Amino acid sequence: MKWIRKIVEKYGKKESGLIPILQDVQKIKGYLPEEGISDIAAELKIPIARVYSLATFYKAFRLIPRGRHSIHVCLGTACHVRGGAKIMDRLEQDLGVRSGETTQDGRFTVESVRCVGCCGLAPVVVIDDDFHGKLNQKKVIQVLKKYE
Amino acid sequence: MAITLKIDNKEIKAKTGMSVLEAARQADIYIPTLCHHPQLNPSGSCRLCIVEIKGVRGYPTACTIPAEEGMVVQTNTQRLRSLRCQILELILSEHPYTCLVCDKREGCDEWMGTIRKVGITTSCQTCPKSGACELQNLVQYLGIEEIAFPINYRGYPVEQKDPFFDRDYNLCILCGRCVRVCNEVRYNGTLNFHYRGDRTVVGTAFGKSHLEVGCAFCGACVDVCPTGALAGKADKWEGCSEQTQHSICPYCAVGCSLDYHLRGNRIIKSVPAQGKSPNQGQVCVRGRFAVADLVNHPTRLKKPLVKRNKQWIETSWEEALDRIAEQFVRYRGDGFGLVVSPNNTVEDAYVLQKFGRVAMQSRHLAVSSPFAHSRWVDSLVEIEKIHPPHTVTLGDIDQASLILVWGGDLSVSHPIAALRVKQAVHRGAKLIVIDPRKTKLAELADMHLQPNPVDDSLLLSGLMKLIFENRSDPSLSGPQSPEWNDLTNKLKKVNLSLIEEKTGIPRNQMEELVDLLFHHQRILILVGSGLALQASASNGLFGLFNLSVVLKHAKMVPIVGESNLAGCLEMGCMSGLLPGLISVNEESARKKFEKSWGLSIQGERSYDFTELVQQIEGGKIKTLYVTGEIPPTDILKKCHYIVVQSVFRPEWADWADVLLPAAHPAEIDGTVVNFEKRLQRLRRIHRQTGLSKPDWWICSQIAQKMGFSGFSYKKSSDILNEIHSIVPRYSGLIPSKIKEKGLFLLDFKSNQKKKSCSIFHFDVAIRNHEKPKGYPYTLIIDVGISHFRNASLIEKVSGMERIGSEGKVEIHPKDAERLHVSTGECVQIKSNNGFQFEGPVIVTDRIPQKSLYLLLDKKSPHVLECFKGNIHFVKIKKVADDSDCR
Ligand code: SF4
Ligand code: SF4
Ligand code: SF4
Ligand code: FES
Ligand code: FES
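Here the protein sequences line up with chains E and V, keeping their order. Heads up: the first sequence is residues 1 to 148, going by the numbering used here. Heads up: the second sequence is residues 1 to 886, going by the numbering used here.
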C-alpha cells in the first residue's frame, strides 16, 4: 500500500524506525491491521514475525480495532476500596481479555481509569457515556447486556 | 592472540574473542547452560551460566562475557550453585516438571519405550524429549529434588496441524534458541517472541500455521530446542537414539553431511552433522524429514519379483538373476538400453556402464535426470576440459562480494546452497537474481531482472555487448584466440534495442548490472535449473562461462540436479562418454579401456535419456535395464523386456518383467560426487531391508551369470580401486584418503594441466521466439523436489504433499481473473507441439503476466516431454469439472 510505503520512507526505511512507523499507522487506522504489518515488513525487508513481535510487546499498540463499546473500570481510591479491582477481575474473566484489550468479537474494549469524579457511587464503571455506580461482580455482567 | 586466565584455580590458555564459557569448555570445565548453543550468538537470557569474576561486580553470564588476560573466574561456588538452583526452579515453574523430580523416575524409565500417542504433555509419560532432555540433565546436575514454586500450566493448545513437526509451547522455557536459529542462521524469520512478561510466547506472526507463513520446515528450530516443545512428528515417539552414524544426504547435489540416529536397528531420524562440510550443520526439509520415512517405508521392495502369467511371483535372487541373464544374452547389442539413476553411487554407475558397454555391447546408456540432456552435459564436459575440474565450492559463496544467481529457484532445488547465499547477503555481499519469477532469493536481491522466459542467451548477448563496447578497459582484451575475435565481431552486430524488446529488460537495467559487475572483485555466478532446462542451455552456459572469463575475478558453477548426477556423468553413464569424461572418439583412451575390460566398446553418441525412451516407440530399443524409475509413460509398454532395480514398485510395474529390490543409500557403502565435485563417502548404517542389494552387486551378478569375468567385485571398495587404476582422471585418487570431509576431484587431479583460459563459441543470433497464434502463454518448467530415484516421495513421506507446489500451475492474478480461476481450481494446458497437462492453479504474483510456471512432479504424465526443453508456448483453459484435479 502506498500510504504505508510513505510512512516507512519517512523514517528512513530502517528497522530502527519501526516503532514510530507503527505509531503512525495506528494513528491513521486506529489499530494495526494485519496487511499493514505485513506491508511494513515487506517494505523494510524484515520478517513479519519481527514486526508482530514488537507490535505485541508494547501495550500501546492494538492489533484489533477498538471495540464498539468502551468499558472504563474506575480503580481510583474510593472505587478501589469498594471492590473496583474485583469488578475488573470479573470483566477480564468473563470477556476473556486483559485491561487495555478488545474482545475477539469486537464488542468491548476494557480499560481502567483513576477516578471519574463520582466517588459517592463507587465502585463505578463507565460504558461509553453511561455511568454505572454501586456495582458488584454480578451487577456489572447484567449491565453489559444492554450493549450489543 | 593467546591469553591466559584462571578458571577454578586452573591456568587456562584461550584465544581473544572467546567467551569465558568457551574458554572453560575447551579446558573441560563444565558450566551449566541453557540458552547457549554453539551454533548461535549468545543471548545471555537464561542466566544459568553465571560465574564469579574477581573485580567484576555481581554474577556475569559466562556465555556473554569475553575472556580476558589475567581474569580469575570461579564457576562453581556454593553461592553460584544455590543461585543456579533458584534460577532453574523459576524456569521450571512454567514447565510441567513431574518428569524431572518424580522420585519414581528411575523405575519408570523402563517403560519409556512404549508408544505414547498422547497429544498433550503433562508429565514424563508423554514428553518426546524424555531421556534426551537438557532440563533433565540440569536438574540432575544441580541436584534439585523439589521445586518451591507451584506449576503454572499455561494451557496453550498443542500445534499439530503443520507437517513434519509439532509444537507444545507449554513445555517452552523461552530460551530463544529456536528464534535465534530461525532468524540468525536460517534467515527465515518464521519464529519470534510475542507479547511480554508472563505472557511471552514463541510463535509465528498472528499465530498462523507454519505453512501459512512460509516456514521452510528445515527443522533447525527442532534440533536446537532443549526441551520437548518442538518435536518431529515422525521421530517423536521413536524413543531415545542409541547411536549416531555419519553419511551423506541422498537427495540433491549439495550432498549435505547427515548424522543418522539409530535405535536398535532402526533409523529414527536424520539430522545435520555438526561442524562438517559442506553444509556446516544445516540441512533442508528433505535431509531432515524425508530420509528415515523412506528407509523404513512399509512398501519397500523386499524380494525379487518375476512376472509369470501376468502375476508377480516372489522369488530368490538365484532364480531372478538366472532368468535375467538368460534373457539379456538374447538382447545383446544395439537393442539394449541402460538407464542409470542420478541417485546411484559412483561405484554403481561405473559397474552399470561397464555392463552396458562390455557385457551388453550397447552404446545406449543414459542418466535419468532432466539435466542429463546432451546439450547441457556436452558443454559442461567441454568447460571441464579447459578448467579441470570445477574449482568452485560452497566456501566461495562465503567469499564472494557479488553473487549472480542465474535462473532457477535455489531455495527450492538446493536449499543449503541458497542458505549460503542468504548468509553472504546478510554479511554484506551484493546479490543479483536473473529469473522471470520472483524467487525467494529475488526477495533479498539488490537487483532482480525478469527477462522473458525461453532463451536467456538473448539477455547474455546484450550484457556481453555492453561489457565489450562500453568498456575499453585493456584488461578486458582477453586471450587472443579465434573465438575471442569471433565473439567481438559478432557482438558488434548485436542490436541492443532488439534485445530490449525481446527480453523485456530495458537498457538502463542492463547497464546498471554491468556496472555492478565491473565494480566487484570477487564475483560468483551460480547457474540454476532455469537455464539448464532451456533448449539453448548449452549456449547459455558457454555465455556465462565467457562472462566469468572476461570478468577476470569471476567464477561460475552450475548448481543443478540430484545427489550423484555429477558422479554418474563422471563415470560415463552417457552415450559416447567414457569414465573420466573421456569421449569415445578418443581412440587411444578408448583402446585402453577396451584392453582393461577385455572387450570392444561400442562407440558414438546415440541418445540422451528422453531420446532413449522415445526410441522404444520406434522399436530401436527393445530391452531396458533401469535403476530407479522412469517417470510414467505409455511408451514403456512397447518394450519387449524390462528389468527394474528399485526401492519401490514403480507405478508402471505392469510393463516390467523383473523387479529387483535395491538397497537405499543408507544401506550401502559407496561414494557420491556433489556439485562442487567433492567425492564423499556414503556409509552403510542400516541393514539392508528384506533381500535388497546394492545396484552394483545386482548388476555384477547378472554379468557373471552371463559368463563375463571382470565383474567379480566383493565390496564397493573393489570398484573404487578399479576406477583408481584404470580411469586416468582418478589415478591420483587414493580411496583411503576420502575422509568425512570428502575429497575434491581437484585435489587428486593427476595429469591434468590447466590450459590457458579460453572462451567458447557463443551464438548471439536472435532466434525467433514469437508466440504462435492461439498460444498466448509462455510456460516455464522446473523440477520439483519430491522425488528420489525418480519415484515420487509424495505418498511415501507424510507432509511432502503439503509443502511446495509440485504438479500445480502458477498463474498471475490478472491472468487468473481473465480465466476466472482461483487457487486450487483445475486448468488444462496445451502446447503448440502436443504437450498437455491438467492440474490445479496457484494464483500468485511471483510469476509475471502471460507466463505460467509448472514445477514438475515425477508422477504426472508427460513429464518426459518436459525434460526435452522445447515446450514453451501454451494455451490454458479452466476445466469445468475439477473432479480429476488433485
Ligand atoms: S523449520 Fe526452519 S524455517 Fe521453520 S520455524 Fe523452524 S527454523 Fe524457522
Ligand atoms: S520452543 Fe524450545 S528452543 Fe524455542 S524458546 Fe521454547 S524451549 Fe527454547
Ligand atoms: S540441501 Fe540437498 S543434500 Fe542438503 S539436506 Fe537438502 S536435499 Fe539433502
Ligand atoms: S474513585 Fe472511582 S469515581 Fe472516584
Ligand atoms: S547460557 Fe549463558 S545466559 Fe543462558
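Worth flagging that the hints you see were computed from the coordinates, not collected in a lab. Values in this document were obtained by computation on a predicted structure and should not be read as measured data. Some hints here could point you the wrong way.
Listed next, the in silico DSSO-like pairs over lysine-lysine satisfying Cα-Cα at most 27 Å (straight line) [unchecked claim]: (1) Lys-850/V with Lys-620/V; (2) Lys-6/E with Lys-438/V; (3) Lys-14/E with Lys-440/V; (4) Lys-208/V with Lys-29/E; (5) Lys-208/V with Lys-27/E; (6) Lys-739/V with Lys-715/V; (7) Lys-2/E with Lys-850/V.
Label pairs and their computed distance ranges (CB to CB) [as the list claims (entries may be wrong)]: (8) Lys-877/V with Ile-141/E: 31 to 41 Å; (9) Gln-74/V with Asp-94/E: 37 to 47 Å; (10) Arg-154/V with Ser-16/E: 51 to 61 Å; (11) Ser-93/V with Ser-16/E: 53 to 63 Å; (12) Ala-85/E with Cys-240/V: 17 to 27 Å; (13) Val-201/V with Thr-77/E: 32 to 42 Å.
Negatives, chain V to chain E, calculated, CB over 12 Å [as the list claims (entries may be wrong)]: (14) Val-179; (15) Asn-192; (16) Phe-193; (17) Arg-196; (18) Val-201; (19) Thr-204; (20) Lys-276; (21) Arg-300; (22) Ile-383; (23) Glu-443; (24) Leu-444.
From the three backbone atoms N, C-alpha and C, an ideal C-beta is built for every residue, glycine too.
Right, here's what the structure says about each hint:
no., hint, result
1, Lys-850/V with Lys-620/V, "40 Å, violated"
2, Lys-6/E with Lys-438/V, "23 Å, holds"
3, Lys-14/E with Lys-440/V, "21 Å, holds"
4, Lys-208/V with Lys-29/E, "23 Å, holds"
5, Lys-208/V with Lys-27/E, "26 Å, holds"
6, Lys-739/V with Lys-715/V, "18 Å, holds"
7, Lys-2/E with Lys-850/V, "26 Å, holds"
8, Lys-877/V with Ile-141/E: 31 to 41 Å, "59 Å, violated"
9, Gln-74/V with Asp-94/E: 37 to 47 Å, "53 Å, violated"
10, Arg-154/V with Ser-16/E: 51 to 61 Å, "32 Å, violated"
11, Ser-93/V with Ser-16/E: 53 to 63 Å, "35 Å, violated"
12, Ala-85/E with Cys-240/V: 17 to 27 Å, "49 Å, violated"
13, Val-201/V with Thr-77/E: 32 to 42 Å, "35 Å, holds"
14, Val-179, "9 Å, violated"
15, Asn-192, "4 Å, violated"
16, Phe-193, "6 Å, violated"
17, Arg-196, "5 Å, violated"
18, Val-201, "9 Å, violated"
19, Thr-204, "6 Å, violated"
20, Lys-276, "28 Å, holds"
21, Arg-300, "40 Å, holds"
22, Ile-383, "35 Å, holds"
23, Glu-443, "8 Å, violated"
24, Leu-444, "7 Å, violated"
Hint violations for this structure: numbers 1, 8, 9, 10, 11, 12, 14, 15, 16, 17, 18, 19, 23, 24, all remaining hints satisfied.
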